[in-house]
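When you get a sec, could you build the whole thing from the sequences and use the hints?
Number of protein chains: 4
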Amino acid sequence: VSDLTFRSDITLQLDDWMGDDAKVIRMAKASIKKTGGDMEEAARMGFINFLMRERHGVPFEHCAITFYFEVPIFVMRQLAKHRISSISEASGRYVELEPVFYLANSQRPMVQIGKAGAYQFERGTYQQFQGYRFATEATSKRAWAYYRDLLDEGVARELARSVLPVNVYTSGYITVNLRSLMNLLSLRTAEEGAVIQGHPQYEIELLAQEMERVFACRFPLVHTAFLRNGRVAP
Amino acid sequence: VSDLTFRSDITLQLDDWMGDDAKVIRMAKASIKKTGGDMEEAARMGFINFLMRERHGVPFEHCAITFYFEVPIFVMRQLAKHRISSISEASGRYVELEPVFYLANSQRPMVQIGKAGAYQFERGTYQQFQGYRFATEATSKRAWAYYRDLLDEGVARELARSVLPVNVYTSGYITVNLRSLMNLLSLRTAEEGAVIQGHPQYEIELLAQEMERVFACRFPLVHTAFLRNGRVAP
Amino acid sequence: VSDLTFRSDITLQLDDWMGDDAKVIRMAKASIKKTGGDMEEAARMGFINFLMRERHGVPFEHCAITFYFEVPIFVMRQLAKHRISSISEASGRYVELEPVFYLANSQRPMVQIGKAGAYQFERGTYQQFQGYRFATEATSKRAWAYYRDLLDEGVARELARSVLPVNVYTSGYITVNLRSLMNLLSLRTAEEGAVIQGHPQYEIELLAQEMERVFACRFPLVHTAFLRNGRVAP
Amino acid sequence: VSDLTFRSDITLQLDDWMGDDAKVIRMAKASIKKTGGDMEEAARMGFINFLMRERHGVPFEHCAITFYFEVPIFVMRQLAKHRISSISEASGRYVELEPVFYLANSQRPMVQIGKAGAYQFERGTYQQFQGYRFATEATSKRAWAYYRDLLDEGVARELARSVLPVNVYTSGYITVNLRSLMNLLSLRTAEEGAVIQGHPQYEIELLAQEMERVFACRFPLVHTAFLRNGRVAP
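So the sequences go chain by chain: A, B, C and D. Numbering follows this note's numbering, in which position 108 of the first sequence is assigned residue number 108; successive positions increment by one, without gaps. Position in the second sequence (first residue = 1) + 1000 = this note's numbering. Position in the third sequence (first residue = 1) + 2000 = this note's numbering. Position in the fourth sequence (first residue = 1) + 3000 = this note's numbering.
Bear in mind the hints are in silico, worked out from the structure with no lab data behind them. For glycine and all other residues, C-beta sits at the position ideal for the given N, C-alpha and C. Each hint should be verified, as a subset may be incorrect.
Across the chosen pairs, the derived CB separations fall in these ranges [said to hold, decoys possible]:
| id | chain 1 | residue 1 | chain 2 | residue 2 | range |
| --- | --- | --- | --- | --- | --- |
| 1 | C | ALA2190 | D | LEU3151 | 47 to 55 Å |
| 2 | A | SER91 | B | ALA1190 | 33 to 41 Å |
| 3 | D | ALA3194 | A | GLN127 | 51 to 59 Å |
| 4 | C | GLU2054 | B | GLN1120 | 55 to 63 Å |
| 5 | C | VAL2195 | B | LYS1141 | 39 to 47 Å |
| 6 | D | GLU3041 | B | GLN1120 | 41 to 49 Å |
No farther apart than 20 Å at their CA atoms in a straight line, the calculated lysine to aspartate or glutamate pairs in the EDC-like style are these [claimed, not checked]:
| id | chain 1 | residue 1 | chain 2 | residue 2 |
| --- | --- | --- | --- | --- |
| 7 | B | LYS1029 | A | GLU54 |
| 8 | C | LYS2033 | D | GLU3041 |
| 9 | B | LYS1034 | A | GLU54 |
| 10 | A | LYS81 | D | GLU3158 |
| 11 | D | LYS3115 | A | GLU153 |
| 12 | D | LYS3029 | D | GLU3054 |
| 13 | D | LYS3115 | A | ASP38 |
| 14 | D | LYS3034 | C | GLU2096 |
| 15 | D | LYS3034 | D | ASP3020 |
| 16 | D | LYS3029 | D | GLU3041 |
| 17 | A | LYS33 | B | ASP1015 |
| 18 | C | LYS2034 | D | GLU3041 |
| 19 | C | LYS2081 | C | GLU2070 |
| 20 | D | LYS3081 | A | GLU158 |
| 21 | B | LYS1029 | A | GLU96 |
| 22 | D | LYS3033 | C | ASP2015 |
| 23 | D | LYS3141 | D | ASP3003 |
| 24 | D | LYS3034 | C | GLU2098 |
| 25 | B | LYS1141 | C | GLU2040 |
| 26 | A | LYS81 | D | GLU3137 |
| 27 | B | LYS1115 | C | GLU2096 |
| 28 | A | LYS34 | A | ASP20 |
| 29 | C | LYS2029 | D | GLU3158 |
| 30 | A | LYS141 | D | GLU3137 |
| 31 | C | LYS2029 | C | GLU2041 |
| 32 | C | LYS2081 | A | GLU54 |
| 33 | A | LYS33 | B | GLU1158 |
| 34 | B | LYS1115 | D | GLU3054 |
| 35 | A | LYS29 | B | GLU1096 |
| 36 | B | LYS1141 | B | GLU1098 |
| 37 | C | LYS2033 | D | ASP3016 |
| 38 | B | LYS1081 | C | GLU2070 |
| 39 | B | LYS1033 | A | ASP3 |
| 40 | A | LYS115 | C | GLU2054 |
Encoded structure:
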């Protein structure tokens, strides 16, 4: 079983997108039968900020982004809970899975401190990390070997996969509109200045941070307004 | 009140879009970790047809279209019932409405024949059309004059507009993904070959037909598959 | 045309509902495999307050309310914009409309003061109200007479209705889950203590206030938590 | 590790519901301002059948069912893809998971025959079943032991769980309206007479069949109409 890959990162790539800051303005200005095409930079920023503050959410829905992702199944499970999205994921029924497993690196805080509802995470000890690493490698390797054996025996993929752990990687595409994306970011990041404090798991926060980088790059004014208004989705 | 405009048409323009036939395939092929980039034309057509027939709807959701529209309020009311959409509409609270009213032309079938659940529409007589035209012009002009008078008296736009008839025009933008668009088309057109016979009102069918033209132009394979599978949304 | 009715009120009745405060708790406690059935009143209040503050919205979605309503079309147009809802409305295509029209009473603030984005409404003068009343009665009566005439001439209901003003009443049922209802209330009321100030039109606020009364009665703890957290939907 | 439980079944219980056949009729009759309260049994059946056939879906949305479920994670992953639903699931971040694992019994067809897109499943050989059983028991036990060890070492639950396989059980509540439920049933069962042939995995079909039993019991006329119309959601 020498062919296993262990990764501590996620993959997030921009695949496609629709709209830009100007489109958000144009959609919103439809309410007053204007286009906003003649607005100066400062006025555009101010207007988008106004939309965000007043929770005029629909104009942001006319813009969308499609991302390609590779994440462990336990992250996929959290991602799939965002219902205002379209997700096309690799199928363990149609194709064999690949021997790629998540193994957190030692930067990953792995000890939970505090009482329910107010947890903090701290870096684990060397011993804890080694224990985690050993357990993860052992279960991943063992499970993968059984998975392969079952396939070789002729057991259907959909059943054989049931022995695989939730740190195995899956991949696919997710399309979200900008309003839904901001909602996802507000829940799946824990940035300073957020009005509502998110409690994301470390791994999905990695994914959300990558999404936010793309978002900030493609929609700089919308992203700035998102930050100014406490990272609350309109 | 010489400034009224009567129209018998609707306006529908492509504003923006995301994706193409190839993107639908790429999204769907994610389930088997392929891209479909190497497929021949015939294979692409066959694959999209397969998705449509088997009701694999999600791949179509990664593509979207934004339309600009101008329609009478009674059409807008039907359009707004499509919940998987984002609509930014002109506001009669924020801006004064314009004196543009719908007046069907004589091509519009205006007589309903048959019993509930199985109506047919037929062309009206000359007398019926003239009666309709007279009534529409009279109520539109009268209502518009009162609307203007109330505004001049200082009555708020949001209240003054309540005297206006539902044939006054509104405008705005609607963004729909391709799956939702096909659902709209299946309900708002009455084409031959449709498995489920739609019973759209004449005016929203005009709108839907324009939408379908844009759809067919930008996504020719998806549109062909839609036709081949009885115009049922996947 | 002596048969017209003018109303200044809306009708909102509880038709059906699912769940109660305890169900919200039971659904939320599923995340920790508890039922919450043994909680004291104070603990239940505290827990629901926690869910609301932390924006754990899903537990509230397992409860729903069905309302019967009678509202003018211009209110219906605003109500229909709430997409997380199921609305079954009377059809002007299937049945003849009834001669019931909205006429605001003199309590209704009808003058808009201030600049765009920061309007205040004030009571109108006696003259303004009389002007509004005269205009509304005149257009309603005239439009109704033409509507009846067109029907008598054999013009189809769906076309004949296009002469009717947006103050004519419609009716139907709306089902919303509790999360969606709270979102509606936050947008369609303008209560003190709201973190986000709504700017609802007077008439839909009447409707929302009635909805809130039913909500407060059936889900007292959830409603209290809604108030305590600035009337923001979780 | 003597405390592991292996199950080959899923748990599905009715928790709550709203509406009945009569409510569907009442909601639909709102379009013609009737209640349908005076209809005979045969007329009620005919009317619901008409709604289903003509794809009038909204009336069915006013009814909803809340189910309690216990399923393996790989079933949960499929269930979560139904976006028109509200799901409150046990959290592996907040509480420790329980040592309950899915192990298919020998009735479960485990060999896939045929080419892509047209698979059939057949019963496995004795040897295949024994192989599957051995692999499943071994990986479940081993993974559980590591999970417990990591928790004992102080590693956070959210990270420790990443060694567990997807056949571990989770639990929670799902609320779906009747339209969404019928869509789920059409996709997650493979019954004769279905217009669109579903290709559900065996395990989620068990779940869907239980859902259908509850549905048929609470909404007998709607269920009959669902069957009569080829098990297509309206």
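So, going through the hints one by one against the coordinates:
no.	hint	in the structure
1	C/ALA2190 / D/LEU3151: 47 to 55 Å	holds, 51 Å
2	A/SER91 / B/ALA1190: 33 to 41 Å	holds, 37 Å
3	D/ALA3194 / A/GLN127: 51 to 59 Å	holds, 56 Å
4	C/GLU2054 / B/GLN1120: 55 to 63 Å	holds, 57 Å
5	C/VAL2195 / B/LYS1141: 39 to 47 Å	holds, 46 Å
6	D/GLU3041 / B/GLN1120: 41 to 49 Å	violated, 31 Å
7	B/LYS1029 / A/GLU54	violated, 41 Å
8	C/LYS2033 / D/GLU3041	violated, 43 Å
9	B/LYS1034 / A/GLU54	violated, 43 Å
10	A/LYS81 / D/GLU3158	holds, 17 Å
11	D/LYS3115 / A/GLU153	holds, 18 Å
12	D/LYS3029 / D/GLU3054	holds, 15 Å
13	D/LYS3115 / A/ASP38	violated, 58 Å
14	D/LYS3034 / C/GLU2096	holds, 13 Å
15	D/LYS3034 / D/ASP3020	holds, 17 Å
16	D/LYS3029 / D/GLU3041	holds, 16 Å
17	A/LYS33 / B/ASP1015	holds, 15 Å
18	C/LYS2034 / D/GLU3041	violated, 42 Å
19	C/LYS2081 / C/GLU2070	holds, 17 Å
20	D/LYS3081 / A/GLU158	holds, 17 Å
21	B/LYS1029 / A/GLU96	holds, 14 Å
22	D/LYS3033 / C/ASP2015	holds, 15 Å
23	D/LYS3141 / D/ASP3003	holds, 9 Å
24	D/LYS3034 / C/GLU2098	holds, 14 Å
25	B/LYS1141 / C/GLU2040	violated, 65 Å
26	A/LYS81 / D/GLU3137	violated, 30 Å
27	B/LYS1115 / C/GLU2096	holds, 15 Å
28	A/LYS34 / A/ASP20	holds, 17 Å
29	C/LYS2029 / D/GLU3158	holds, 18 Å
30	A/LYS141 / D/GLU3137	holds, 16 Å
31	C/LYS2029 / C/GLU2041	holds, 16 Å
32	C/LYS2081 / A/GLU54	holds, 17 Å
33	A/LYS33 / B/GLU1158	holds, 16 Å
34	B/LYS1115 / D/GLU3054	holds, 16 Å
35	A/LYS29 / B/GLU1096	holds, 14 Å
36	B/LYS1141 / B/GLU1098	holds, 12 Å
37	C/LYS2033 / D/ASP3016	holds, 18 Å
38	B/LYS1081 / C/GLU2070	holds, 18 Å
39	B/LYS1033 / A/ASP3	holds, 19 Å
40	A/LYS115 / C/GLU2054	holds, 16 Å
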